[in-house]
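**Q** Residue strings, one per chain:
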Amino acid sequence: MLRKADNSAVAFVIGALVLFFIGGILTTVVPPLVDASWSKPFENSDPTKGPTGKLKPYTELELQGRAIYVREGCWYCHTQQTRTILADTKRSGWRGVDSPVSTPDEFVYDNPHMFGTKRTGPDLSRVGGKYDEQWHVTHFRNPADLVPGSIMPPFPWIAADPAESKALVAYLQTLGRAKDWRPDGDFEK
Amino acid sequence: MAERTTLADAGEIPVTSTAKYTESVHEDATARAFILSSIGYFFIVGIVALLVAAKFLWPSFLGTIPMLTYGRLRPLHVNGMLFGWLLAADMGLMYYVVPRLCGVKLWSEKFGLATAALWNVIILGAVVSLLMGWNQGFEYGELPFVLDVAVVVAWIMFGTNMFMTVATRKYQQMYVTLWYMMGTVLWTAFVYLTGNFAALLVTGVNQANLNWMYVHNAVGLIFTPIGLAIAYYFIPKTANTPLHSHKLSMVGFWSLAFVYVWTGAHHMLHGPISQWLQTIAIVFSVMLLIPVWAAVYNFFATMRGQWHQMRDNVPIKFLISGVVFYLLTCFQGPMHSLRSVNAIVSKTDWIPGHAHMAVLGAFSFFAIAGCYYVVPRMFKRELYSDALANWSFWLFLIGGLGFFVTLWLGGFWQGWQWNNPSIPFIDTVVNLQPVWLVRFFSGVLMFGGIAAFAYNILATAIGAGGEKATDGAAVAA
Numbered sequence: 001m002l003r004k005a006d007n008s009a010v011a012f013v014i015g016a017l018v019l020f021f022i023g024g025i026l027t028t029v030v031p032p033l034v035d036a037s038w039s040k041p042f043e044n045s046d047p048t049k050g051p052t053g054k055l056k057p058y059t060e061l062e063l064q065g066r067a068i069y070v071r072e073g074c075w076y077c078h079t080q081q082t083r084t085i086l087a088d089t090k091r092s093g094w095r096g097v098d099s100p101v102s103t104p105d106e107f108v109y110d111n112p113h114m115f116g117t118k119r120t121g122p123d124l125s126r127v128g129g130k131y132d133e134q135w136h137v138t139h140f141r142n143p144a145d146l147v148p149g150s151i152m153p154p155f156p157w158i159a160a161d162p163a164e165s166k167a168l169v170a171y172l173q174t175l176g177r178a179k180d181w182r183p184d185g186d187f188e189k
Numbered sequence: 190m191a192e193r194t195t196l197a198d199a200g201e202i203p204v205t206s207t208a209k210y211t212e213s214v215h216e217d218a219t220a221r222a223f224i225l226s227s228i229g230y231f232f233i234v235g236i237v238a239l240l241v242a243a244k245f246l247w248p249s250f251l252g253t254i255p256m257l258t259y260g261r262l263r264p265l266h267v268n269g270m271l272f273g274w275l276l277a278a279d280m281g282l283m284y285y286v287v288p289r290l291c292g293v294k295l296w297s298e299k300f301g302l303a304t305a306a307l308w309n310v311i312i313l314g315a316v317v318s319l320l321m322g323w324n325q326g327f328e329y330g331e332l333p334f335v336l337d338v339a340v341v342v343a344w345i346m347f348g349t350n351m352f353m354t355v356a357t358r359k360y361q362q363m364y365v366t367l368w369y370m371m372g373t374v375l376w377t378a379f380v381y382l383t384g385n386f387a388a389l390l391v392t393g394v395n396q397a398n399l400n401w402m403y404v405h406n407a408v409g410l411i412f413t414p415i416g417l418a419i420a421y422y423f424i425p426k427t428a429n430t431p432l433h434s435h436k437l438s439m440v441g442f443w444s445l446a447f448v449y450v451w452t453g454a455h456h457m458l459h460g461p462i463s464q465w466l467q468t469i470a471i472v473f474s475v476m477l478l479i480p481v482w483a484a485v486y487n488f489f490a491t492m493r494g495q496w497h498q499m500r501d502n503v504p505i506k507f508l509i510s511g512v513v514f515y516l517l518t519c520f521q522g523p524m525h526s527l528r529s530v531n532a533i534v535s536k537t538d539w540i541p542g543h544a545h546m547a548v549l550g551a552f553s554f555f556a557i558a559g560c561y562y563v564v565p566r567m568f569k570r571e572l573y574s575d576a577l578a579n580w581s582f583w584l585f586l587i588g589g590l591g592f593f594v595t596l597w598l599g600g601f602w603q604g605w606q607w608n609n610p611s612i613p614f615i616d617t618v619v620n621l622q623p624v625w626l627v628r629f630f631s632g633v634l635m636f637g638g639i640a641a642f643a644y645n646i647l648a649t650a651i652g653a654g655g656e657k658a659t660d661g662a663a664v665a666a
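Heads up: the sequence lines are chains A and B, in that order. Our numbering numbers the first residue of the first sequence as 1 and each following residue consecutively. Our numbering numbers the first residue of the second sequence as 190 and each following residue consecutively.
Chain A with its partners taken away, still in its complex shape:
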């Protein structure tokens, strides 16, 4: 029986696909059905349950900025996830306040997702509101001017194009802002 199946291409195809689909379906189709936070936008008004706030859809301008972020491959070096690691919450924090960890419901409007796999530059999941527009545009022109030692490449064509730099900064300022985690609301524009 086994030897016969071993010589049969049809038995092979069926076996290979059945084994593949067991794992495939249980890890891709089932999880979003089980875990509602994957598709329900973040909203919390009860401070006892953690940071309050509401995830808003991107505006047209922010989407334009996001497209630039995708086009230039910013996501190859910058992750967007504050992981459940103490150091991540410290590094994503600001002025002594630790950042909350990223949760699936903060990313419902992200398409394509920008979680990233490689952290050559700092994580950007909570960068929104940390630096003002002037800082960002100067930084795009030549990052090492503001951060000595930085190996981020210069993007002079973005800095020189007011429409592009405005859109990109508008997008960056949204990052991590769904959760209202900074005590005095000291966000830059």
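Just so you know, these hints were derived from the structure itself, not from any lab. One should not assume that every hint holds.
What the hints assert, rightly or not - Here are the simulated BS3-like cross-link-like pairs (lysine-lysine), alpha carbons at most 30 angstroms apart as the crow flies:
no.: 1; chain 1: B; residue 1: K294; chain 2: B; residue 2: K569
no.: 2; chain 1: A; residue 1: K4; chain 2: B; residue 2: K569
no.: 3; chain 1: B; residue 1: K294; chain 2: A; residue 2: K4
no.: 4; chain 1: A; residue 1: K166; chain 2: B; residue 2: K569
We have chain A already, so just place chain B on it with the hints.
**A** Coordinates of chain B only, in the frame set by chain A:
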């Protein structure tokens, strides 16, 4: 001894035979087209790889031209190496191997040549669109939608040719290479559709989950099975010795078929994705040791009594080093997926070290060995230079080891620094400069290996060494 009969290919001449190469009944037109073009991309994309490595040291180098910034060249490097070189070379080797294992001619050489032409159009389209920044924003899934569709068409054409050849086979028993090849064709179809089509329909974490399922299985269910198909054919073939165990190869195959697909979420450990899914991914990642060790044991046991061939048989050198790198990279993988280790190495430079050992150290080494074996036979003349082939091996090995080892050490150190928040982030960047310097020069060595390999193959293909050898007995490689 069943294995020995399965390797007695129709029209194929054993390495030690004194018969003439010209006796082969196979046309190999498709295999030639795929293999030669893939080696061309290996060389060109190798230059891109050096530019990318250089930008870590001199960030403004070529930096004022949008097309040549890091963010555009990196996806060109990754896609070019994966699809332009490795997958195309693997497909070319399958066009050579499968008809021989089936004892028949390839189902259709014309259809195969059309597939090769379409594949080249896709790669050229990919070069243009990635340089222009037409990037979909998914890792390994950067190519625009039109090209995704073309890839699916080309893959169906490849699969049709392969399955029709298997369906018309003369040998009833299917050698393990055929199993892995067929598995690759089937799984790749679904893995690719998940990552490039289904992922477009959803957003956020759901999309990331599909993306990682694709990214992980692009390696696990495309490059791993097709790479193992090649290793299972060429290790016994180049060493001229039977495979140790058909049964053990089946254990490896079916455990790989079951285990691999579950592990995608280990790319998001500690990240914003359900904890239970992370745990499943960890458990199955550790189980990956089963298919890996089954295959590696089989390869080593096949070499029993044949180790002296490591001295002067260049394809064997590549194959056995590839097996060692495969064993190491697939030991790292399960270890990274443990939460405590992941907290240190995830997102660091360790990961490119790990990824390069899999794709370059293991699977590209297998493909290179296959090319060195089949190209002289396809063009019916001796390899241009055995000495140059040996040089290419040592350049790849030393460059590769330099690359892997420095990135592991550097990445581990980087992870420790990140986990100490009192160190400013920029200091962790500056501290890595020496690591990136060694990486760049290791890359130069590896590029030397690519150049030696490509030149040797090209010279063999055009007959630069003259027609001195149609006599198979002279060929040791």
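**Q** A separate judgement is required for each hint: does it hold in the structure or not?
**A** Okay, the hints, checked on the actual structure:
no. : hint            : verdict
1   : B:K294 - B:K569 : 17 angstroms, holds
2   : A:K4 - B:K569   : 38 angstroms, violated
3   : B:K294 - A:K4   : 25 angstroms, holds
4   : A:K166 - B:K569 : 62 angstroms, violated
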